[in-house]
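> Take the sequences, apply the hints, and build the full model.
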Amino acid sequence: MDASRFISSGLIEAYVSGLATSNEVQELERGMKQYPEVAAAVDDCQLDMEQYVTLQAKTPPTDLKQRIFHIIINEEAARESGAFSEEQATDEFPETKTYVNSAWRWIAAAAIILLLGSLWYNYVFYGQANDYKGRYEALLSTHNTLATQSDGYKTRIQQMEQSIDLMKNPAMKAVKMPGTKPFPSALATVYWNQQSKEVFVMVNNLPEPAADKQYQLWAIVDGKPVDMGVFEMSNPHELFQKMKSIDNAEMFAITLEKKGGSAVPTLDQMYVAGKAS
1260 MDASRFISSG LIEAYVSGLA TSNEVQELER GMKQYPEVAA AVDDCQLDME QYVTLQAKTP
1320 PTDLKQRIFH IIINEEAARE SGAFSEEQAT DEFPETKTYV NSAWRWIAAA AIILLLGSLW
1380 YNYVFYGQAN DYKGRYEALL STHNTLATQS DGYKTRIQQM EQSIDLMKNP AMKAVKMPGT
1440 KPFPSALATV YWNQQSKEVF VMVNNLPEPA ADKQYQLWAI VDGKPVDMGV FEMSNPHELF
1500 QKMKSIDNAE MFAITLEKKG GSAVPTLDQM YVAGKAS
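Residue numbers in the sequence shown follow the working numbering, run continuously in steps of one, and reach 1536 at the last position.
To be clear, the hints were calculated from the coordinates, so they are not data collected in a lab. Check the hints yourself; a few may be wrong.
What the hints assert, rightly or not - Here are the computed lysine-lysine pairs in the DSS-like style, where the Cα-Cα straight-line distance is at most 27 Å:
1) Lys1472 to Lys1483
2) Lys1432 to Lys1392
3) Lys1534 to Lys1440
4) Lys1392 to Lys1435
5) Lys1456 to Lys1435
6) Lys1517 to Lys1534
7) Lys1456 to Lys1501
8) Lys1392 to Lys1413
9) Lys1518 to Lys1501
10) Lys1501 to Lys1435
11) Lys1534 to Lys1432
12) Lys1427 to Lys1501
13) Lys1432 to Lys1501
14) Lys1518 to Lys1440
15) Lys1483 to Lys1503
16) Lys1534 to Lys1472
17) Lys1534 to Lys1483
18) Lys1456 to Lys1483
19) Lys1503 to Lys1427
20) Lys1517 to Lys1440
21) Lys1503 to Lys1456
22) Lys1501 to Lys1392
23) Lys1440 to Lys1456
24) Lys1534 to Lys1503
25) Lys1435 to Lys1534
26) Lys1503 to Lys1472
27) Lys1518 to Lys1472
28) Lys1472 to Lys1427
29) Lys1435 to Lys1472
30) Lys1534 to Lys1427
31) Lys1483 to Lys1517
32) Lys1456 to Lys1432
Given below as structure tokens:
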């Protein structure tokens, strides 16, 4: 076989990719020694293959190439053990033998490497996409939390604006109720609209009652206590709590009673009291 046949047969590509049979390897190595241009073509093919793989690689696992070549070599060994001997074919047709199949095996191996590299790239990209999705969901959760807090602040601001409007009403009378001697630090205020007869209570400073206790507002009318209702301490954002309405009152007071209220005030549990006039 002359130099031009070595170069055009595809044997060089099979040799560089490691897919050539032992007979093909021996034959090409003899040609490399005999023809300098064949040896130069082998060097050029090795360089081209390295550049091609480098440009197209997608960073597959380090042992991927060895596994693919191992599979192909096993298939080649199985083919060599078949009924037809390539060595016999070489002897019978020494000048007309071609290596198209070997060249296609090299192309197929390169294609498999690129495919698996692409799959590896897609796997990495999918992991990054999941990470970005997790970050987006975390941001969305934070946004929803902030939105809920914002709604709470808006509600509180509305309540404060309503309270300010209530206090600015010229018909509203403010009755301060300072603490009694047993509870000197206690303080509460009654806002009494003498036109509409509405009564509101604002807690300035009262201790949190026990679970089975409630504060109860009283109006003193003609020297007698009148029940104005019980109120809760659980909502610190609710500045005013509406109580029962009343036409006339001489003073107001707050006592601590059993939960649900009492028909008569417990005088030794009177926390605050203040005159209405």
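> Against this structure, judge whether each hint is valid.
Evaluated hints:
no. : hint               : verdict
1   : Lys1472 to Lys1483 : holds, 23 Å
2   : Lys1432 to Lys1392 : violated, 58 Å
3   : Lys1534 to Lys1440 : holds, 16 Å
4   : Lys1392 to Lys1435 : violated, 57 Å
5   : Lys1456 to Lys1435 : holds, 17 Å
6   : Lys1517 to Lys1534 : holds, 25 Å
7   : Lys1456 to Lys1501 : holds, 11 Å
8   : Lys1392 to Lys1413 : violated, 31 Å
9   : Lys1518 to Lys1501 : holds, 18 Å
10  : Lys1501 to Lys1435 : holds, 16 Å
11  : Lys1534 to Lys1432 : holds, 11 Å
12  : Lys1427 to Lys1501 : holds, 17 Å
13  : Lys1432 to Lys1501 : holds, 14 Å
14  : Lys1518 to Lys1440 : holds, 24 Å
15  : Lys1483 to Lys1503 : holds, 16 Å
16  : Lys1534 to Lys1472 : holds, 25 Å
17  : Lys1534 to Lys1483 : holds, 14 Å
18  : Lys1456 to Lys1483 : holds, 19 Å
19  : Lys1503 to Lys1427 : holds, 21 Å
20  : Lys1517 to Lys1440 : holds, 21 Å
21  : Lys1503 to Lys1456 : holds, 9 Å
22  : Lys1501 to Lys1392 : violated, 49 Å
23  : Lys1440 to Lys1456 : violated, 30 Å
24  : Lys1534 to Lys1503 : holds, 18 Å
25  : Lys1435 to Lys1534 : holds, 8 Å
26  : Lys1503 to Lys1472 : holds, 20 Å
27  : Lys1518 to Lys1472 : holds, 4 Å
28  : Lys1472 to Lys1427 : violated, 33 Å
29  : Lys1435 to Lys1472 : holds, 23 Å
30  : Lys1534 to Lys1427 : holds, 21 Å
31  : Lys1483 to Lys1517 : holds, 20 Å
32  : Lys1456 to Lys1432 : holds, 11 Å
Of the numbered hints given earlier, the model fails hints 2, 4, 8, 22, 23, 28; all others are met.
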